[in-house]
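K.L.:
Start from the sequences, fold in the hints, and give me the full structure.
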Amino acid sequence: MKILKQNLALVAILTIFNPLTYAQSDGFFEDVIVTAEKRNESLQDVSQAITALTSSEIEAKGIDSIVDLTSIVPGVTVAKNEGYKTVISVRGVGNETNQNAIAAPSVAYHIDGIFIASPFSLQTDFIGVDRIEVLRGPQGTLFGQNSTGGAINVVTKAPSLNESYSSGSLTLGEYNMTKLSGSASGPIFENVAATFSFTKTKRDGFSTNIFNGQDLDDDDSYSVRNDYFIDLDDSSSLRIFGQYANIDSNGSAMKGLDDTTVGARNLKQDSLSELKLTSSVLAGIYEKDLGYANLKVLASSQSDSISVRRDNDRHFYQDAAPSLTGVSTYQRSEYRFETSDVKTKTFEINLISNEPLIDGKLDWTVGAFYMDQEIENHIREYLDEFNSGTNAAGQDGVFKYVCGEPFADPNYCVSLPTGFGPGQTNPYAASTEFGFITDAFPERRSLSIFGQTTYSFDDDLRLISGFRYTRDNFLTDVSNFFGVELYQEDDTDEETSGRLTLEYDLDADSMVYLSQTRGFKPGGTNLTFGASGDGTPAMVLPTFKSETLDSTELGFKTEFFDGRALANIAIFDYTYKNLQVQGTDPDVFKGGVVNIPESEVQGLELEFTASLSDSWTIDANFAYLDSEITSSFEYLDNAKAQQYSFGGESNRYALREDVKGKELAKTPEITADISLIYSTQLASGDVLNSSLQFVKRGKFFQRIVNNPVQDPVDGYEIINFSSGVDYASGWGFDIMVTNVGDEDGMNSAMTDVFGVGATGIEYIPPRQVMTRLSYDF
1 MKILKQNLAL
11 VAILTIFNPL
21 TYAQSDGFFE
31 DVIVTAEKRN
41 ESLQDVSQAI
51 TALTSSEIEA
61 KGIDSIVDLT
71 SIVPGVTVAK
81 NEGYKTVISV
91 RGVGNETNQN
101 AIAAPSVAYH
111 IDGIFIASPF
121 SLQTDFIGVD
131 RIEVLRGPQG
141 TLFGQNSTGG
151 AINVVTKAPS
161 LNESYSSGSL
171 TLGEYNMTKL
181 SGSASGPIFE
191 NVAATFSFTK
201 TKRDGFSTNI
211 FNGQDLDDDD
221 SYSVRNDYFI
231 DLDDSSSLRI
241 FGQYANIDSN
251 GSAMKGLDDT
261 TVGARNLKQD
271 SLSELKLTSS
281 VLAGIYEKDL
291 GYANLKVLAS
301 SQSDSISVRR
311 DNDRHFYQDA
321 APSLTGVSTY
331 QRSEYRFETS
341 DVKTKTFEIN
351 LISNEPLIDG
361 KLDWTVGAFY
371 MDQEIENHIR
381 EYLDEFNSGT
391 NAAGQDGVFK
401 YVCGEPFADP
411 NYCVSLPTGF
421 GPGQTNPYAA
431 STEFGFITDA
441 FPERRSLSIF
451 GQTTYSFDDD
461 LRLISGFRYT
471 RDNFLTDVSN
481 FFGVELYQED
491 DTDEETSGRL
501 TLEYDLDADS
511 MVYLSQTRGF
521 KPGGTNLTFG
531 ASGDGTPAMV
541 LPTFKSETLD
551 STELGFKTEF
561 FDGRALANIA
571 IFDYTYKNLQ
581 VQGTDPDVFK
591 GGVVNIPESE
601 VQGLELEFTA
611 SLSDSWTIDA
621 NFAYLDSEIT
631 SSFEYLDNAK
641 AQQYSFGGES
651 NRYALREDVK
661 GKELAKTPEI
671 TADISLIYST
681 QLASGDVLNS
691 SLQFVKRGKF
701 FQRIVNNPVQ
711 DPVDGYEIIN
721 FSSGVDYASG
731 WGFDIMVTNV
741 GDEDGMNSAM
751 TDVFGVGATG
761 IEYIPPRQVM
771 TRLSYDF
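Per our numbering, residue 1 is the first one in the sequence shown, and the count goes up by one each step.
Heads up, a few of these hints could be off.
[Unchecked claim] Calculated cross-link-like contacts (lysine-lysine; reagent style PhoX-like; alpha-carbon spacing at most 25 Å):
1) 699 / 85
2) 288 / 38
3) 202 / 179
4) 288 / 157
5) 202 / 80
6) 80 / 696
7) 577 / 202
8) 361 / 288
9) 85 / 200
10) 157 / 296
11) 276 / 202
12) 660 / 696
13) 85 / 179
14) 85 / 268
15) 85 / 202
16) 343 / 276
17) 343 / 179
18) 361 / 296
19) 696 / 577
20) 288 / 85
[Claimed, not checked] If you anchor each label on the Cβ, the simulated ranges turn out as follows:
21) 744 / 220: 20 to 28 Å
22) 172 / 242: 57 to 65 Å
23) 651 / 204: 14 to 22 Å
These are calculated hints, taken from the structure and not from any lab test. Being a predicted model, the structure only gives us computed values, none of them experimental. For every residue, glycine included, the Cβ atom is placed at its ideal position computed from N, Cα and C.
P.N.:
See the structure below:
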């Protein structure tokens, strides 16, 4: 770590004194406007590490959803836990607690400035997008909680009273892929404009369960959006939009680590898989120019509902389990079903200065935010012959569901015994085949106030300072194992976060900045936790603490070669306190969120764009990460603890290990994206566009325990290609090939902390050849 700090300091010095930074420019590239500071500013004028993807870049790179951002944006990786929970990590800061319903992600997601609370919405496709802003680094001042790693703001194209247009596209490809999308916009009354957008995708699966023939990694989804702009008067406007997404698929392929089926895209599992998701947002944005400031009010009502069925052991009945110490074969385990319903309401008010104070030297922003969220979570896990008085040889590979479940065979089911409920200390005393059962009703209410100022000492030197206070109340009502364990918790957490940044313009085209920022993610309650009465201390507690991240960042932004090249460099050093991760307790079925006292992340990022000629452009980004747990912390690996069940708590506890010196999860050392773009106008007036893209994502560990068997996720390198013609008539035709080499790259892996200790592997999509017919009038 010390060597890295010395290297980063050297890079910083060389960058600042690079003579290229003083070359004058004429602004060859189109100026990209972003809203990272809650006001419209040029990307190159904002003293933060931001990647802004325009609509043309989104189309050229085939970015359909959040998942497609991995490695395209420096330091960003996107993975899926349990095959359906999207995890975004920015600079190694992500969500290692997504098996807990109330625990929050570390990267805040916004649509048009509206905070989108449920992580399930990350699975839906983008629709009507004008640009995507990815802010890297803590955003605790203006974006608040859940932005420890950064923030993503998807900006849609707003309706306009001065423009009418319609566009659409039809994409056909391998795996019987069909994608149809369209948008129409324009004024519908004198002071009202509207936009309607939709997208519909249907595709067979990339993978096959050879046991039951089920396609996995398939897609059957659609999204619709209706957006209205109302010009209320000369100084105020109202924007109202609603969007709805629906997914009805077989779910992701999570191939078991010990599955010997030939081919990365083939697996053998004895339970069907199913994923059903609906996500909706209804929002309003009111703006009024008060003269001295601009008032902005944002309100939303959000609803997300998901139902999942999956093979929890990720293998076939009684497959050998060489990766699990002390376990000979996999016990059949199934989630049927796991459901979550999330209802969220948000309200935010901002006041942004138009007329700076103190002789025009002080710009300011103040605001407040409120969120009310209610979650209903149900999990039903079934284990074959879990507690019937037989050993593995007595397992029959068939589940005895609890009688009364709609899918239970009345002639082969288990009725809960009389008196089964509170007070029965061992929920498995009866002959049952259920595993982890929970009915949880978490709630969260959050209130925060914030302010930020920018003081200009002169034309070149500015100081930005910001502060945010947040008060979080979270409560949980939990019933585990059909009422055997009842638990309620009500707690309040208060945190402050802030920002201090010094900006200096080296010349009209170059800026250097130094910033100190803090971000935080609130604490919460666990669905299950350990007890100390069994002779072993509890390692998972009823509640977990909020995590904080303090960041020091040195950045440099410049244009050179007469404006034909742009370069942005950021060097950062993170101190991470009370990192929230999923942990395991010596008590069986008592997993939950734990806090690691201190960790560090350091890194370097480079974004570079250059016009090589009137037709050729190169676009490249690179990120280097180095992470380490710097405090002692005893952690129990569920994959190792799986060999001991009830009565073996002391044996499980003896397997704990100190994770000091381990790498953080999902922190690849290297990520890179290089694109060579060709665009030229033909004699006919048509435009030929081609792009060749190289993407590299380095290897990483999927958990902080860095288990050498379960946790390594190999890196990959892929090439994407596209070429097409935009005709002067408004029509377009493109050919696209993704993953040209058909690489079986590992996207992620996941070891279940609650289940049978099995590890599942998810692969990136295979090669796809697609054609697209489009129009834009």
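K.L.:
Hints broken by the structure, by number, lowest first?
P.N.:
7, 12, 17, 19, 20, 22, 23
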